[in-house]
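Here is how the chains run, residue by residue.
Number of protein chains: 2
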Amino acid sequence: MGGFAITILIGTLLLKLPLATETEGISWIDAFFMATSATTVTGLVTVDTGTVFTVFGETVIMMLIQIGGLGFMTFAVLAILILGKRISLKERLLLQEALNQTAVGGGIRLTIRLFVFSIMIELFGMILLATVWVPEYGWKFGLYTSLFHSISAFNNAGFSLWSDSLMGYAGDPVVNLVITGMFILGGLGFTVLIDVKSQPIFKKLSLHSKLMIIGTLVVNVMAFLMIFFLEYGNPDTIGSLSFIDKMWTSYFQAVTTRTAGFNTLNIGDMETSSVLLMMVLMFIGAGSGSTGSGIKLTTAIVMVVAVISYLQKRSEVTLMNRTIKRDIVLRSFAIALVGVATVFVTLFLLTVTEPELPFLQLAFETFSAFGTVGLSMGITGELSDPGKVIVMILMFLGRLGPITLAFSLATTKPDKVRYAKEDVYTG
Amino acid sequence: MGGFAITILIGTLLLKLPLATETEGISWIDAFFMATSATTVTGLVTVDTGTVFTVFGETVIMMLIQIGGLGFMTFAVLAILILGKRISLKERLLLQEALNQTAVGGGIRLTIRLFVFSIMIELFGMILLATVWVPEYGWKFGLYTSLFHSISAFNNAGFSLWSDSLMGYAGDPVVNLVITGMFILGGLGFTVLIDVKSQPIFKKLSLHSKLMIIGTLVVNVMAFLMIFFLEYGNPDTIGSLSFIDKMWTSYFQAVTTRTAGFNTLNIGDMETSSVLLMMVLMFIGAGSGSTGSGIKLTTAIVMVVAVISYLQKRSEVTLMNRTIKRDIVLRSFAIALVGVATVFVTLFLLTVTEPELPFLQLAFETFSAFGTVGLSMGITGELSDPGKVIVMILMFLGRLGPITLAFSLATTKPDKVRYAKEDVYTG
Ligand SMILES: [K+]
Ligand SMILES: [K+]
Chain A
1 MGGFAITILI GTLLLKLPLA TETEGISWID AFFMATSATT VTGLVTVDTG TVFTVFGETV
61 IMMLIQIGGL GFMTFAVLAI LILGKRISLK ERLLLQEALN QTAVGGGIRL TIRLFVFSIM
121 IELFGMILLA TVWVPEYGWK FGLYTSLFHS ISAFNNAGFS LWSDSLMGYA GDPVVNLVIT
181 GMFILGGLGF TVLIDVKSQP IFKKLSLHSK LMIIGTLVVN VMAFLMIFFL EYGNPDTIGS
241 LSFIDKMWTS YFQAVTTRTA GFNTLNIGDM ETSSVLLMMV LMFIGAGSGS TGSGIKLTTA
301 IVMVVAVISY LQKRSEVTLM NRTIKRDIVL RSFAIALVGV ATVFVTLFLL TVTEPELPFL
361 QLAFETFSAF GTVGLSMGIT GELSDPGKVI VMILMFLGRL GPITLAFSLA TTKPDKVRYA
421 KEDVYTG
Chain B
1 MGGFAITILI GTLLLKLPLA TETEGISWID AFFMATSATT VTGLVTVDTG TVFTVFGETV
61 IMMLIQIGGL GFMTFAVLAI LILGKRISLK ERLLLQEALN QTAVGGGIRL TIRLFVFSIM
121 IELFGMILLA TVWVPEYGWK FGLYTSLFHS ISAFNNAGFS LWSDSLMGYA GDPVVNLVIT
181 GMFILGGLGF TVLIDVKSQP IFKKLSLHSK LMIIGTLVVN VMAFLMIFFL EYGNPDTIGS
241 LSFIDKMWTS YFQAVTTRTA GFNTLNIGDM ETSSVLLMMV LMFIGAGSGS TGSGIKLTTA
301 IVMVVAVISY LQKRSEVTLM NRTIKRDIVL RSFAIALVGV ATVFVTLFLL TVTEPELPFL
361 QLAFETFSAF GTVGLSMGIT GELSDPGKVI VMILMFLGRL GPITLAFSLA TTKPDKVRYA
421 KEDVYTG
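Protein chains in written order, with full-length UniProt numbering: chain A, 1 to 427; chain B, 1 to 427.
Just to be clear, a hint being listed does not mean it is correct.
Pairs count within a copy or across copies, as identical chains cannot be separated in the list.
Taking lysine-lysine and the BS3-like style, the derived pairs with C-alpha atoms no more than 30 Å apart in a straight line are [what the hints assert, rightly or not]:
1) 140 x 313
2) 210 x 313
3) 203 x 313
4) 210 x 197
5) 197 x 325
6) 246 x 204
7) 16 x 204
8) 16 x 197
9) 140 x 203
10) 203 x 325
11) 210 x 140
The hints are simulated quantities; they were obtained by calculation from the structure and are not laboratory data.
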């Protein structure tokens, strides 16, 4: 948390340097906003990344994304390895084995391995993207923009050098597949990637990995179908596109929403129904310990399964022949409630500071910042300064996870007395 | 549930009679909508009650409100008395004592007692209201309108004979106090009223009654303060009113929102921030087994307390020196999640059927129907026929409680096998 804040502050200073911007420079608040957005891998922008910043400025943003995304993932894995009480011995051994760790102490070696692993994926992505962008822009800018978008994609940052994000490549199969492939990988979370790498047989994967893989698939396919049908006749989005381009754009918007934040359609032109669906997806988010935020896909799955178990009057919450501990169920609901409260309070404050902006756009922006998604209906730059600060705080909280903050605010009060049970009527 | 549906159908037929309407009659869908709104004690209207219906039609609406409100409360109390597994022996004895019941079997006698109790409160309310409306409108219409609003208030129906609801009496102390007093009483739920009647010492009340009384007080005071400050400078609502009228109208809007549905301000003119706050209040709703709906105040309290306990790493959820069972905690979260899902699906469908209507207005209407509140930003009459049907279904589900439907859809599957526990990372 402290490291995060320091990174953002240094980023702000660097982006404020005359060296960083093409012409007159940007305001402190915009520099602060851009640094926060990059470090929290959100992708909301108050100024246009590609035209406002010099190569130096863009490189600062790239570094912030890398530190924010990878740093956080590394931290998450380290925390699990070293402190982690929430990991089973089997999984810990698996993780150690996969990383060639014989003792828990090898934190630096682990960090280096994760770093190398990420860089390799990012370089691989760059090469694939370069097959499209080098022919179009030449070697220099082609390679540079490929690297930028590759880093931005794997870290789920959603920053683009084009002011219309990837709308210019809405029908390009390579850009669609490489970008989405990278951010979906990044959104699964390192523990899942490591599990799959060392255990390629699906049945033997941990419950967490199985849930993430199946959940990602199911949610993405459902979102794809819904967006496809909802937007099919919308002349402002995919209505006039060819069938295959309708498919590409629906697919891209469906998978980008839970955390990536690139777009190949103008979100502001989409149907209200699609936008509402996207808000839910942004709230759910990606995987635990990944470059994505939100309440996390597994949290949503555990809640749904718990409610079904409750309705079926089962005494245990079971899933894929495994029992989910009551504590994890309670934790999931706690995360969701704290998340809802965070989103509500932020949206409430924004309706006060931005009385001129439409409610739907404000709500969308709020969910986007909470999930560190970065999609916008186009109002980020129009926010007042207090509004920008509110969104910045939300991106920060969203990245930390609201439950982290809630825990740090709560004082531990172990039960001393046991009280008699008494019922309360609910619902 | 069946009784509800039959009441609505008979009400529809009666409201469709030429006898029921002043001039040309109303469409089937509007008759159906009005009957549903009255029976579910919601108060959303697609036609103006006072000008469209004859005294016969208005009497039908009054009867539907009485059957819908009281019938449901009676049913709830009966269910608790006869079947109730969720009530402690102490409370059951208390309830029986209060109602002079010596055996559990005396259902008919109990129903009559509850009915007499309600009618007495309603007549008392009518007399108080008559002190304002008889001088203004003469004996005949004065008494009649007092009876109508008294029944509508105690049953939390929110139907008014004036097309601007109670806006004409925004600063009238008697109307403000009597109407709000009655719907707050009705919203506490019969079990609480009976408990207080037989046990006037606060400390000796059941946990449920204590929570309802303190919760109602705290939420109402907070809502009052927030609306007062948010609307203070709004020239379209209370900005130009005197200080005392600012207080009355803020108070009225604060307490009406959780379920009553009368209004003394034009909701469509309120600040977006107030409207957002009101949506949350409508979702929370009133007391279990009351004339109000929503997820219920105690459900919300249990969730908040459970999350705080979790953050404090307590092993038990405790509250006022009592332990809340894990099952009730899980039930509360289940109700809230099913509630959120119900609201989301409905709002989603409305954005599809009503593309022309603003999102904020649709969201407000959805929360209003879910909580059977009846407040509107003014779009109920503009809904398309499919939109009206969707809102009707939501009012019906809201009144039943979404968890009731969820239970009826779920098949009981008691655990047969015990599975090994495995962790999932969440949040
Ligand atoms: K992002
Ligand atoms: K109502």
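Hint check results:
{"no.": "1", "hint": "140 x 313", "result": "neither (63 Å within a copy, 55 Å between copies)"}
{"no.": "2", "hint": "210 x 313", "result": "both (25 Å within a copy, 29 Å between copies)"}
{"no.": "3", "hint": "203 x 313", "result": "within (28 Å within a copy, 34 Å between copies)"}
{"no.": "4", "hint": "210 x 197", "result": "within (13 Å within a copy, 56 Å between copies)"}
{"no.": "5", "hint": "197 x 325", "result": "within (27 Å within a copy, 43 Å between copies)"}
{"no.": "6", "hint": "246 x 204", "result": "neither (37 Å within a copy, 66 Å between copies)"}
{"no.": "7", "hint": "16 x 204", "result": "neither (50 Å within a copy, 64 Å between copies)"}
{"no.": "8", "hint": "16 x 197", "result": "neither (42 Å within a copy, 68 Å between copies)"}
{"no.": "9", "hint": "140 x 203", "result": "neither (46 Å within a copy, 78 Å between copies)"}
{"no.": "10", "hint": "203 x 325", "result": "within (21 Å within a copy, 36 Å between copies)"}
{"no.": "11", "hint": "210 x 140", "result": "neither (41 Å within a copy, 71 Å between copies)"}
Hint compliance for this structure: hints 1, 6, 7, 8, 9 and 11 are broken, all remaining hints hold.
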